[in-house]
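**Student:** Whole structure, please, built from the sequences with the hints as guidance.
Taking this note's numbering, I'd label the letters of the sequence shown as residues 1 to 223.
If you're looking for bench data, these hints aren't it; they were derived computationally from the structure.
The C-beta atom is built at its ideal place from N, Cα and C for all residues, glycine as well.
Calculated cross-link-like contacts (lysine-lysine; reagent style BS3-like; alpha-carbon spacing at most 25 Å): (1) Lys108 to Lys131; (2) Lys90 to Lys101; (3) Lys59 to Lys106; (4) Lys59 to Lys108; (5) Lys95 to Lys59; (6) Lys180 to Lys101; (7) Lys90 to Lys217; (8) Lys152 to Lys38; (9) Lys217 to Lys116; (10) Lys101 to Lys123; (11) Lys95 to Lys108; (12) Lys90 to Lys106; (13) Lys131 to Lys59; (14) Lys116 to Lys180; (15) Lys123 to Lys49; (16) Lys101 to Lys49; (17) Lys90 to Lys116.
Quick list of simulated restraints, FRET-style, between CB atoms: (18) Ala179 to Asp110: 21 to 31 Å; (19) Asp63 to Glu170: 40 to 50 Å; (20) Asp45 to Gly150: 12 to 22 Å; (21) Asp110 to Lys148: 38 to 48 Å; (22) Ala221 to Ile37: 38 to 48 Å; (23) Asp63 to Ile37: 45 to 55 Å; (24) Lys108 to Ile149: 40 to 50 Å.
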Amino acid sequence: MQQAPASFTVPVNRVIKQTVEKIQQVEGKTTVQTVVIKEEDLVVDAIAKNQSAVFAVSKDGFDLNGGAIEIPAGRGFAVSSDGIIVADAKLVPDKEVYYLKNDSGKFKADFLFADKTGFSFLKIGSPLDEKNKIVFTVPALGDLSKMKIGQKVLVMGNNVSSSIFEGLNENKNIDLIAAKSDAGGLVLNLDGEALGIALSGDTISFASIDLIAEALKTLEATL
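**Tutor:** In structure tokens:
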């Protein structure tokens, strides 16, 4: 696997230059303006456009005394306008009573399917508070094959974290370094496009958006 040179491990606010052409007729001449954008601005924009796509997942459980409690089950994010959410299959393995929460409220969730590659699907159900109306976005799909060594990868999980892309491993995948608390988190590029999901498995830490999209297509054909 290719390794990123040390020069690539730079702070979040390194400057990226982008050229934007603004056509202005000044004495018959066309001028081109160069706009300088800080990487931190790209990070902020990528997070903002996907904020409502990410959900906190929880499920019913019991404490040591047998009392009913709600147990965190990582994060998940929307992959369909029909309200299908992808989550970590280690935390969402089969049919139980699940809940999904984002800024628009808290909702019941139906378990649909668990894929052998480490993720599962839930579907948003009815709100716990009838006043709440579900609002969410579906991230645009990114292309993992177009990622370049040294580019930043974002994970929207329990917290927002980042790492440097060091190339694809032998399985054409990312060796993602993310906290266990970020399981089910949305993995993004700096354009705010989904690259995949962060997983809490012992050997698998990431599933690509291509695998998720393929499994989703198969699932939707059965619904």
